[in-house]
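With chain C fixed as given, assemble chains L and H onto it according to the hints.
What follows is the residue order along each chain.
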Amino acid sequence: MTLKEIKDILSAEVISGDHDLEKEIKYCFAADLLSDVLALGRGSGVLTLLITGITHPQVIYASNIFDLGAIIFVRGKRPTEATLQLAIENQIPLLATPYIMFETCGRLYQHGLRPSIARIKNG
Amino acid sequence: MTVFDIVKSFGLQMRAGKDRLLGEVTGGYTSDLLSDVIAHSHKGNIWITIQNHPNIVAVATMKELAGIILTGGREPDADTIQKAEEEGIPILVSPLFTFELVGRLYQIGISGMSPC
Amino acid sequence: MAEAEENIRFHAMFHIEGGNFMNAGAISSRVKKILKEAGFPGKIIRRTSIAAFEAEMNVICYANQGNLSLLITPSFLKVVIKDEGIGIPDVNLAMTEGYSTANEKIRELGFGAGMGLANIKKNTDEMILTSKLGQGTHLEFIIYLDGQNEG
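Protein chains in written order, with my numbering: chain C, 17 to 139; chain L, 84 to 199; chain H, 9 to 159.
Chain C with its partners taken away, still in its complex shape (with noise of 0.2 Å):
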């Protein structure tokens, strides 16, 4: 589905890249952690949303890494001021829900956004 979608499926603000919301997104993770949008980004590219609460510059240098398509914050957080520019010079849309990571998952989820991962091996 597209970030236009996407933005009216969580009541989302779209922060930052207007013009880009006919994206196409398909899988989803969710991180809070640093470490996690590291690991779990693995599997992820252009089509991927990184769903968190994580506002400051560090998501948008890890989110960089895999070249991520766009990132959603959960809680009606909002990110700083450096974090807005550090996503519009690497052109990471940057989206807003005033809804909880966890109703933001299942809301996603239900609408056919799959995970970047599905589980670990030796589960």
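It cannot be assumed that every hint is accurate.
[Unchecked claim] In the DSS-like style, the derived pairs of lysine-lysine whose C-alpha atoms are separated by at most 30 Å in a straight line are:
(1) H:113 to L:126
(2) L:126 to C:93
(3) H:41 to H:51
(4) C:42 to H:51
(5) L:146 to C:93
(6) H:113 to H:129
(7) L:146 to H:129
(8) H:90 to H:113
(9) H:41 to C:42
(10) C:39 to H:44
(11) C:42 to H:130
(12) H:113 to C:93
(13) H:90 to C:42
(14) C:93 to C:20
(15) C:39 to H:113
Read the hints as simulated data drawn from the structure, not as lab findings. Predicted model only: the values in this text are computed from it and were never measured.
Here is chains L and H on its own, set in the frame of chain C:
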């Protein structure tokens, strides 16, 4: 829906609190930031996280959460298990990563909307 | 560990400021940029960037300051991170997935999952970690280019 129902539906493995599975689940909360869980979770929520240190038990006890599910194959450390047994907090583990586990919980009816 | 009699094609060094959490990843982003401009394959860039990022985070979280050096040779990439700080008491324990000495402040900023060193090991071909308590830590890792040259 109780914690036991969740365990059964997903075949989750239990690491602690086996005797406390009949708690009613009021909703779901996902976060790895303890201050956030303390601020925004509700009594009876099932908490999904990757944090595995003993402080998670303290938070779950403080907020009277129904239980904790660790995702991505994470395991609670020994101190965490011990504390969870003492406090009667169920700790479950799943090989699925957060996004998918939450998606599936959502599909069986656990909500992330606050009670009015 | 392959000794550096290899032809060093490129060398850069960056300073990492301890405690600068907000900008964690700034240095490894620059490393990524260099590798991208040099035309390395995507997978090589990604593995090196991830390992560099984790190493950079460790310096920021646990050390006073450090330096990250990137060396490019025809057959491998080498990254060396030296920091000044309290050091690591038990390197084997530190390498265990999930083991973390992060304090609450560090965890609240999104760090401290205890996956850093394990992630570095996963993404590199060779890794050496040594530490002196009270002085600091020395980390080196190598990623082989499998006979592919830059460009």
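We went through each hint and held it up to the structure:
| no. | hint | verdict |
| --- | --- | --- |
| 1 | H:113 to L:126 | 25 Å, holds |
| 2 | L:126 to C:93 | 23 Å, holds |
| 3 | H:41 to H:51 | 14 Å, holds |
| 4 | C:42 to H:51 | 21 Å, holds |
| 5 | L:146 to C:93 | 22 Å, holds |
| 6 | H:113 to H:129 | 26 Å, holds |
| 7 | L:146 to H:129 | 38 Å, violated |
| 8 | H:90 to H:113 | 24 Å, holds |
| 9 | H:41 to C:42 | 26 Å, holds |
| 10 | C:39 to H:44 | 23 Å, holds |
| 11 | C:42 to H:130 | 26 Å, holds |
| 12 | H:113 to C:93 | 19 Å, holds |
| 13 | H:90 to C:42 | 40 Å, violated |
| 14 | C:93 to C:20 | 19 Å, holds |
| 15 | C:39 to H:113 | 36 Å, violated |
Checked against the numbered hints above, the structure breaks hints 7, 13, 15 and satisfies the rest.
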